[in-house]
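Fit chains W, H and L with the ligands to the supplied structure of chain Z, relying on the hints for placement.
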Amino acid sequence: MALEELYREVILDHYRNPRHKGSLSHADFHAEGLNPSCGDEFSLDLAVADGVIVEVATQGQGCSISQASGSMMADIIKGKTVAEVEEISTNFKLMMAIEEGESPIDPARPGAVLGDLEALQGVRKFPVRIKCADLPWTTLADALEAAQS
Amino acid sequence: MALEELYREVILDHYRNPRHKGSLSHADFHAEGLNPSCGDEFSLDLAVADGVIVEVATQGQGCSISQASGSMMADIIKGKTVAEVEEISTNFKLMMAIEEGESPIDPARPGAVLGDLEALQGVRKFPVRIKCADLPWTTLADALEAAQS
Amino acid sequence: MTNHLRADFPILDRLVNGKRLAYLDSGATTQKPIQVIDAVADYYKTCNSNVHRGAHTLADEATTAYEGARAKVAQFIGADSSDEVVFTKGTTGALNTIAYGWGLNRLQEGDRILLTVMEHHANVVPWQLVAKHTGAELVYLELDDNYRVDLSGLDKIMDERVKIVSVSGMSNVTGAIGPVAELVAAARRVGAIVIVDGAQSVPHLPTNVATLGADFVVFSAHKMLGPTGIGALWGRREILNEMEPAEGGGEMIADVQLYESRWAPIPHKFEAGTPPIAQAVGFGAAIDYLEKIGMTEVRRHEIEITQYALDRLAEVPDLRIVGPTDVAIRGGAVSFELGDVHPHDVATILDQEGVAVRAGHHCAKPLMRYLNVPATARASFYVYTTPEDIDQLVTGLHRARELFGLT
Amino acid sequence: MTNHLRADFPILDRLVNGKRLAYLDSGATTQKPIQVIDAVADYYKTCNSNVHRGAHTLADEATTAYEGARAKVAQFIGADSSDEVVFTKGTTGALNTIAYGWGLNRLQEGDRILLTVMEHHANVVPWQLVAKHTGAELVYLELDDNYRVDLSGLDKIMDERVKIVSVSGMSNVTGAIGPVAELVAAARRVGAIVIVDGAQSVPHLPTNVATLGADFVVFSAHKMLGPTGIGALWGRREILNEMEPAEGGGEMIADVQLYESRWAPIPHKFEAGTPPIAQAVGFGAAIDYLEKIGMTEVRRHEIEITQYALDRLAEVPDLRIVGPTDVAIRGGAVSFELGDVHPHDVATILDQEGVAVRAGHHCAKPLMRYLNVPATARASFYVYTTPEDIDQLVTGLHRARELFGLT
Ligand SMILES: Cc1ncc(COP(=O)(O)O)c(C=O)c1O
Ligand SMILES: Cc1ncc(COP(=O)(O)O)c(C=O)c1O
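Protein chains in written order, with my numbering: chain Z, 4 to 152; chain W, 4 to 152; chain H, 3 to 409; chain L, 3 to 409.
FYI, nobody ran anything at the bench for these hints, they're computed from the structure. Incorrect hints may appear among the rest.
As the list claims (entries may be wrong) - Under the rule of at most 20 Å between Cα atoms (straight-line distance), these lysine-lysine pairs were calculated in the PhoX-like manner:
1) K96/Z with K83/Z
2) K21/H with K128/Z
3) K24/Z with K81/Z
4) K21/L with K47/H
5) K74/L with K294/L
6) K134/H with K134/L
7) K47/L with K21/H
8) K24/W with K83/W
9) K21/L with K128/W
10) K74/L with K47/H
To be verified - Quick partial rundown of chain L residues pointing at chain Z, CB under 8 Å, derived from the structure:
11) H54
12) A57
13) D62
14) A256
15) A266
Here the structure is a predicted model, which means the values were calculated and not measured. From the three backbone atoms N, C-alpha and C, an ideal C-beta is built for every residue, glycine too.
Pulled out of the complex, with its shape left as it was, chain Z reads as follows (with noise of 0.2 Å):
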């Protein structure tokens, strides 16, 4: 049943238990994003060293898609490259339908390529909701956009 499939375990667990929460006193890049139509608030830190992210901290208030997406994110970005960020970024859009193309993901077998993230592809059967599993990656784009002027 899709509500089953949209609050998965996992999910509620970054929901309730947010990785890499709080702000860093020495970030490198900040962004804020804001989805005007619900509310919902995400904002983010990154320390970067060599084009790796080095440090990450996230700030969130709103609903489990949101605020798991964004648990998710910091997770698996830390200790990554920027281009490697990037490439994640693209897979997740594309798993998520945001940006058209092939899924990376075959949503018959879950793989690693995404990690926890791989949950949110019940999401995609609430396309009112896409919105807010994307808004730490639109956030996230703005910071690496800063990072890249």
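The following block gives chains W, H and L with the ligands in isolation, referenced to the frame of chain Z:
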């Protein structure tokens, strides 16, 4: 036929040859009327001596109904006392069904109570045009109100 | 308690996600009875025309229909006469009309606009805009423990600097009824004008502007069975007469010259441009419908259904009502929190059960901050709401608890 | 030339004063095809809900319908993207939005607003209001002998003081097409923004904002087969981004605090409050209908019917056309005078013959004064107009001559 009753000879005559046209250099009372929905205008100068309207001058712009009504009004009020004029005005409004009450005019037997004005009875079949016929009379009421105060 | 009106509302027959629709979002917009839908369609089919400017039959019929709707609105709220009723885009449009028409032309540096923290954005942002242009400042009344406007400091706050008091007749978040009578009395003493945001109160409570004592009452048709795209501004005649128009255009003028213009008499002075004619006709039909039920009965039904809802919601563990629990001082917009389940998740889960509720800040961010809740879920009722709708809501809430593992 | 579209317009079957209705008042408002009437009714019957704020199915469907209509409007006028299209109350609402949003916040003493003497009150009065608040002044272009805007003095007038140029795309009185391209070119040189009042031009001429070069184009749905109560403001993205909102309220904010707020991105920044949702859906259906005909065909039909009308009117003694007689430079709003028969009398007589025309100043008093005509009668056409309508008009005009004893 209704249109023939509306556009009687005498109405077109007053429309084309308005009586007492102009203004008074020594008016005792002056009022201006405007029908904002159609733009018709009517202005009235009165000279009053011992409660009698001794001189009348009118100017206006608008449809045959409003302008003929004004010309006929000027004709009938000249030389009358203010009290008489008020009675005429009431009779006119009763005839036109602007005020509620029995019309002083028997439509079957037009008499001479209101003189030429009785030709305006045809307007009653055109409710949206009644306010045209009434414009000079509301202007007159404004002028007389100023006279009273 | 069955509800014999439901048959008039075609949309209530539809299924949502395979389930019976339990429409509990009437605070956002109500559903429309077939009488209203048909009135709009019939207008277009039989006498559609522009109003006021025409000397042909259709124009006359359209004007009669439009002005007839105005008379219905006037009578519905007990106004002295139709020309105290201005048709606007809605409540928001009406409040902006007052803010720009009255506020922008009369407020000065140092003047104060008194609001409450429970106001809808529509009754906050226009005042911020006008304050910016004029140098006036905003002052807020807070709430007591029972979610009602706290009047204890009112005497101190209400001084000669206060020029405008604008308050919601009923909160769209907590359901709390606003202290209009008390604010009117206090405002009178200092000569301030009082505006009632009646977006929620006029649809749900009998309203009589003659006894209310306020200077303006504004409301939206779409929240009282009528079409979108129209609302009404009632104003006291003297104030409307002296107020400047906010918008300029056709229909609202007596004369236009190249560099200056003179205004038409009220209410037209405030209705620039082609008005929402078909929508006015639909608004009139909505009022006919409400009058047939009777506003006393509307309120009685609302008290009954709200009491039922509060009772049934009390059975749901972890559920907290955000608003008064005494139905005598509130309407039928019931906000709540459910444990740590975010309101959007509540709404999504309920939607799968066919239950439509709102979730979020309900255009009342200052109130959410004041109450320190990031968002609420809100179930809101109207004349067609039945206990069955509430039962469906409660079933959905149990499902939400289950999915989120609340025990 | 028969007209196969007429069957879509239920009102055209009715009788007026016992006669076939010849509806020649489309310049004031057009009639609505059943497709538009049904689209509005179906919206209320199947997915009525408030937009944007909801996480339930109806809210999502309503939002999709509303935003879908926006996309249709954007595509219809060749806009780059939907978010350059703001839904307003109508043309008048749109012009006031620009006057207050852009003008009130940016104009200063000594700045100039350039208009033409042929503007509708909607494109005059908002600028007078904003001029009063800001100290800016109005400047007018006059007309040449052919009722076209006289550009001969333009170079002298168009200097750095001119901040806004606002011009009608087509006069609702004379039918003359406005010199938009020339004004755009001249305005560019001094950095002024150009607004096109498209109330008459967008319904009647193919419009492409990308090639037009103007900064704003505004128009009303009700003049192009759509519902009353809605219109559109197209604006160039950069300008919309930097423009302040005119009205405040729900939906248009990113955040509201007690004393200040931040705005939502375009287009929502300019759509305070519950928008005219059902009307947007109807607007979308009207655009579908026009797209199906094709705007090139709409224009071709209009040229044909206008030529026919001008030819037939030329047969009526004492009749004088107030407007250009070359159909290449005009649309289908044909104003005229008939001897000394006042236009209101003309309209009353025609009405008895089933013919609906407007009479009066057509919300263009400055133009009437400029042309030194107190009023005109106006016959105006749209896609459903047939030669039979024109013939009926001409018959009625002969009757008017007869009643007034013109020989
Ligand atoms: C040229 C022109 N501009 C503006 C308007 C105003 O449009 P609306 O009344 O729909 O706001 C009209 C129509 O009345 C018009 O013809
Ligand atoms: C209390 C209150 N005020 C104002 C509004 C704004 O009404 P509208 O969106 O119809 O302009 C609403 C509804 O959203 C409301 O509930």
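To see whether the hints hold, each was checked on the structure:
With a CA separation close to 18 Å, the supplied pair K96/Z and K83/Z stays within the 20 Å bound. Proposed proximity of K21/H and K128/Z is supported: the alpha carbons are some 17 Å apart, at most 20 Å. Simply put, K24/Z and K81/Z have alpha-carbon atoms about 13 Å apart, close enough for the 20 Å limit, and the pair holds. Our distance criterion of 20 Å between C-alpha atoms is met by K21/L and K47/H, whose separation comes to about 17 Å.
A distance of roughly 13 Å separates the Cα atoms of K74/L and K294/L; the hinted pair therefore holds under the 20 Å criterion. The hinted pair formed by K134/H and K134/L meets the criterion: a straight-line CA distance of about 18 Å does not exceed 20 Å. Restraint check for K47/L and K21/H: satisfied, since their Cα atoms lie roughly 17 Å apart, inside the 20 Å limit. At most 20 Å may separate the alpha-carbon atoms for a hinted pair to count; K24/W and K83/W meet this at roughly 18 Å.
In summary, the hint linking K21/L to K128/W is supported, as the alpha carbons are separated by about 17 Å, within the 20 Å threshold. Under the criterion of a C-alpha separation no larger than 20 Å, the hint pairing K74/L with K47/H is inconsistent with the structure, at around 24 Å. Taking 8 Å as the C-beta contact cut-off toward chain Z, the hint placing H54/L at the interface holds, the least distance being around 5 Å. Given the 8 Å rule on beta carbons, the hint for A57/L holds: about 6 Å separates it from the nearest Cβ of chain Z.
Of the supplied interface hints, the one on D62/L holds, with its beta-carbon coming within about 5 Å of a beta-carbon of chain Z, less than 8 Å. Interface restraint check for A256/L: the shortest CB-CB distance to chain Z comes to about 5 Å, inside 8 Å, so the restraint holds. Among the interface hints, the one on A266/L holds; its C-beta lies about 5 Å from the nearest C-beta in chain Z, closer than the 8 Å criterion.
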